[in-house]
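Protein chains in written order, with the numbering used here: chain A, 1 to 291; chain B, 1 to 291; chain C, 1 to 291; chain D, 1 to 291.
Bear in mind the hints are in silico, worked out from the structure with no lab data behind them. Mixed in with the good hints, there may be bad ones.
Where chains are identical, the list cannot tell them apart; a pair therefore holds if satisfied intra-copy or between any two copies.
[Unchecked claim] No farther apart than 25 angstroms at their CA atoms in a straight line, the calculated lysine to any residue pairs in the SDA-like style are these:
id	residue 1	residue 2
1	Lys226	Phe262
2	Lys228	Asn280
3	Lys10	Gly283
4	Lys228	Arg265
5	Lys226	Ala186
6	Lys226	Ala133
Number of protein chains: 4
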Amino acid sequence: MQLGLVGLGKMGGNMRDRLREAGHDVVGYDRNPALSDAENLADLVAKLAAPRAIWVMVPAGVTEATIDELAPLLSPGDLIIDGGNSRFSSDGPRAGRLSTRGIGYMDVGVSGGVWGKDNGYGLMVGGSDENVARMMPIFDTLKPAGEFGFVHAGPVGAGHYAKMVHNGIEYGLMHAYAEGFELLEASELVTNVPGVFRSWREGTVIRSWLLDLMDLALTDDAHLEKLKGYADDTGEGRWTVEEAIRLAVPMHVISAALFARFESRQDDSPAMKAIAALRNQFGGHAVQQAG
Amino acid sequence: MQLGLVGLGKMGGNMRDRLREAGHDVVGYDRNPALSDAENLADLVAKLAAPRAIWVMVPAGVTEATIDELAPLLSPGDLIIDGGNSRFSSDGPRAGRLSTRGIGYMDVGVSGGVWGKDNGYGLMVGGSDENVARMMPIFDTLKPAGEFGFVHAGPVGAGHYAKMVHNGIEYGLMHAYAEGFELLEASELVTNVPGVFRSWREGTVIRSWLLDLMDLALTDDAHLEKLKGYADDTGEGRWTVEEAIRLAVPMHVISAALFARFESRQDDSPAMKAIAALRNQFGGHAVQQAG
Amino acid sequence: MQLGLVGLGKMGGNMRDRLREAGHDVVGYDRNPALSDAENLADLVAKLAAPRAIWVMVPAGVTEATIDELAPLLSPGDLIIDGGNSRFSSDGPRAGRLSTRGIGYMDVGVSGGVWGKDNGYGLMVGGSDENVARMMPIFDTLKPAGEFGFVHAGPVGAGHYAKMVHNGIEYGLMHAYAEGFELLEASELVTNVPGVFRSWREGTVIRSWLLDLMDLALTDDAHLEKLKGYADDTGEGRWTVEEAIRLAVPMHVISAALFARFESRQDDSPAMKAIAALRNQFGGHAVQQAG
Amino acid sequence: MQLGLVGLGKMGGNMRDRLREAGHDVVGYDRNPALSDAENLADLVAKLAAPRAIWVMVPAGVTEATIDELAPLLSPGDLIIDGGNSRFSSDGPRAGRLSTRGIGYMDVGVSGGVWGKDNGYGLMVGGSDENVARMMPIFDTLKPAGEFGFVHAGPVGAGHYAKMVHNGIEYGLMHAYAEGFELLEASELVTNVPGVFRSWREGTVIRSWLLDLMDLALTDDAHLEKLKGYADDTGEGRWTVEEAIRLAVPMHVISAALFARFESRQDDSPAMKAIAALRNQFGGHAVQQAG
Chain A
1 MQLGLVGLGK MGGNMRDRLR EAGHDVVGYD RNPALSDAEN LADLVAKLAA
51 PRAIWVMVPA GVTEATIDEL APLLSPGDLI IDGGNSRFSS DGPRAGRLST
101 RGIGYMDVGV SGGVWGKDNG YGLMVGGSDE NVARMMPIFD TLKPAGEFGF
151 VHAGPVGAGH YAKMVHNGIE YGLMHAYAEG FELLEASELV TNVPGVFRSW
201 REGTVIRSWL LDLMDLALTD DAHLEKLKGY ADDTGEGRWT VEEAIRLAVP
251 MHVISAALFA RFESRQDDSP AMKAIAALRN QFGGHAVQQA G
Chain B
1 MQLGLVGLGK MGGNMRDRLR EAGHDVVGYD RNPALSDAEN LADLVAKLAA
51 PRAIWVMVPA GVTEATIDEL APLLSPGDLI IDGGNSRFSS DGPRAGRLST
101 RGIGYMDVGV SGGVWGKDNG YGLMVGGSDE NVARMMPIFD TLKPAGEFGF
151 VHAGPVGAGH YAKMVHNGIE YGLMHAYAEG FELLEASELV TNVPGVFRSW
201 REGTVIRSWL LDLMDLALTD DAHLEKLKGY ADDTGEGRWT VEEAIRLAVP
251 MHVISAALFA RFESRQDDSP AMKAIAALRN QFGGHAVQQA G
Chain C
1 MQLGLVGLGK MGGNMRDRLR EAGHDVVGYD RNPALSDAEN LADLVAKLAA
51 PRAIWVMVPA GVTEATIDEL APLLSPGDLI IDGGNSRFSS DGPRAGRLST
101 RGIGYMDVGV SGGVWGKDNG YGLMVGGSDE NVARMMPIFD TLKPAGEFGF
151 VHAGPVGAGH YAKMVHNGIE YGLMHAYAEG FELLEASELV TNVPGVFRSW
201 REGTVIRSWL LDLMDLALTD DAHLEKLKGY ADDTGEGRWT VEEAIRLAVP
251 MHVISAALFA RFESRQDDSP AMKAIAALRN QFGGHAVQQA G
Chain D
1 MQLGLVGLGK MGGNMRDRLR EAGHDVVGYD RNPALSDAEN LADLVAKLAA
51 PRAIWVMVPA GVTEATIDEL APLLSPGDLI IDGGNSRFSS DGPRAGRLST
101 RGIGYMDVGV SGGVWGKDNG YGLMVGGSDE NVARMMPIFD TLKPAGEFGF
151 VHAGPVGAGH YAKMVHNGIE YGLMHAYAEG FELLEASELV TNVPGVFRSW
201 REGTVIRSWL LDLMDLALTD DAHLEKLKGY ADDTGEGRWT VEEAIRLAVP
251 MHVISAALFA RFESRQDDSP AMKAIAALRN QFGGHAVQQA G
């Protein structure tokens, strides 16, 4: 089927390729003319036959502006699909605004990273049954072969919600492996840490795709000496913990993984300065002077 | 090759089957005569040609006693392999005691649960190069097909150490999924929680064997209504955190998962009674009277 | 000085008493006629000489509505002080709305609970220097004698912000004592747990007012057998962790204390059901059937 | 009464002064001749009239050796009091060894740091009723004036146990204040962080001696710029969490405070290197190369 695709970066570009290989008619737009099939959004819209379906795949920070720019160019019956990492709570209001113009809206959480082009993308979809049915040819191509990798999670917002939780879980999983790595590295007994991770890839309870990646990383750099212990966080982790707080759901593990990322970006810890100051006050414990 | 196997429960019994199917000559002993190939340990030893290799696969609580009973029956050159869940710190002293009799010792951490019979078992081995080489025919049969599932992790103790860390990581992974499940269940937006988990099995960053099992469980019981939120812990989780403390390794995630298991077994929380008492004292906050 | 006081519950009523004892002219209003000095808000306003100062001391959930009802009754130059537990982020917008009518606004975080009437209240104030100066006679009476117990923390919002952090810290402190209590109760060695807490009230590093309260509670009920381990949370704890997330501040301790309150209100843990389900799947571990 | 005192460092020296001011006959021994009243342990013993009471106040690492050296010099009926930070689990075996020589043993957890000389020391005592009664004149002098600051917590070991829990609680309390400090420092609204802490010293729920110290520290250095966020840990924190694990007591808060100290001493986090490596693998996320 025909699809407009806004945003042809690492994710969008690969998705265009995967869709075209399956015979879909994809017209892409990107601010970078070298990547783009259209000169601007108006040109993109002009190149699509109504009723149009336009998939927006841009960084979360510019999604709202992109949709605001796109909406006036569209006609009733057109459909916008947000495949980016928007916060779920923005989906309902956005769908409401678009519906006043007769434009439909769906949200799709997309997982799979740079590997998705070949493996397929995990898709979590929020929207009406009707819109899901309309887009199934696209979903069927983007998702992995086989019975998994796609879910209609609920109404508008549910796709991004499921993706948010997916990423929150991802934080926790990654940190569990990371703690295990640190302990093995500290151990005097285990002399072959990369081999231990490698062995775990089959037969064990903890085998996973992330573990496969850990093996690749350790094959490359056995003690990860080339890297700094620094990690950004991208919104979904924070939103997951905020949702947990809103819904009174205990979330010790995912929050700990999130906080560890915060810590990784600090040159020094103000909290630990306070600890040092208190120890100095009550016990005359030795402290380290800054600088 | 010929192998003595002590302990023919859920794990040992399946391992005997897998080894025999591959043509190994396994003589098994179990306290349960219905399962056993030998009348007692002495009979088991008598049925094996020297130099013997005897794999002990009994609950961690009786491993020490089993080996103490077995050792005097053996001859110099014989080899004991402990495939149970012993604490790594017991391996070195045990190997030392056996070596005074000329008996060799190896430790093997075995993962895979009831699925190992067909999929193969993840094996983490601690011991000398010589003993590893001697046992490779057995390891090659027990491990999964393919390049993964086996590691010689280091000297005596390293196998159990790696298995301990494996189980610690397992605690963390499971709890990350569990927190995600609880949040999705609490969400007003996501109407198809089992479908979300099912979809994650392919194409996503968080796909794993544990996730596959989560899908199976939710297929069976969409809201896990048949189960109580109660979980035992089996030693390795505690030892992992204790090791982290000994080696000054921060372990927020795995410890949180461990503590959650402790909480799951409490009828009421003494700590939260203290919180309730304090709130009552300073604010006249309503408290709930016990029973 | 003259002060209007809206809300004469546990906190407001005590504050009226403390202010009157010091000679202030307090006109109070409460929905409960038995407590109230005025028939309604209009009557309250009528009983005060302009420029008026009205302190609103109502539950956080009705503060906004109370101020919305009050504002049209006031005159330029009047001043509203919110002493309740509003979220700091509502202060700025509220001050902005009131300023269009020429009405001033301050926020005051008030600590001290039911003990404040006699001990004085800890006051954290947000607002302009001018408004702080105007209200100092009231603050001086409400605060404890001595050099502590009052701070002008910053502009509008800073008072509630400081109170929010105060309460977040309170969550952490309480839970530290609570964990210590639970461990002592579990110990086989310590036979006099109430005595241990009592002893800590002087000479130790951990002496505090909360510890004094813990001693009172244990004097009353040595094992806290009369209480359920159940605790509500009142907003500030959640907001503290949300602010930490917004500002990328690691907050392991206060978040753990918050999550423990969530757990205390659950009959069963959905997360731990998931753990039980997974253990059942991979290991055939015994699970407990619900009810 | 007469008391032998081994170890005249920061704690022991101050205790000698406090005891002498109250009229006790204290004979002190220290390896440093400038501090010592006796040439060696034998000389110390010779200077004391039987039945002797000797208080050992040396670093935990040398307590065992000191007592082993002292015991053969003593006579039946003598009593050793360990006031250092021994692990509670060493007390029982130690008392057993001494009892074969007819020598009594008590353990005393001592809190108060450098402030104890003037304020008195919090004392948590483990031992028999008879030995406690024998030493009460000393305890009465060392403890603070008033009704608090002393407890006979239980049999041998209970004193160190209570002190261990005291220190575990201390870790949690300190970290709660530290997190609050970090959040206030990060806030855009609160412009007077030292003033906020100072105000909390009276009238609030969170007032405490540690808060008083925090005020002193911030008065000295408003943003703690002179200090590094670095903190040692001294055994009791680790033992507290280990005991929690042994007794299946959830301990999210105290363990988090302990782990934060571990982190404070790391130049870079191996765990976060693993996170960075995984993010790089699956998403091509930017990573920071190590130095």
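Hint check results:
no., hint, in the structure
1, Lys226 to Phe262, "both (21 angstroms within a copy, 23 angstroms between copies)"
2, Lys228 to Asn280, "between (31 angstroms within a copy, 12 angstroms between copies)"
3, Lys10 to Gly283, "between (55 angstroms within a copy, 9 angstroms between copies)"
4, Lys228 to Arg265, "both (10 angstroms within a copy, 16 angstroms between copies)"
5, Lys226 to Ala186, "within (18 angstroms within a copy, 31 angstroms between copies)"
6, Lys226 to Ala133, "neither (47 angstroms within a copy, 34 angstroms between copies)"
Checked against the numbered hints given earlier, the structure breaks only hint 6 and satisfies all the rest.
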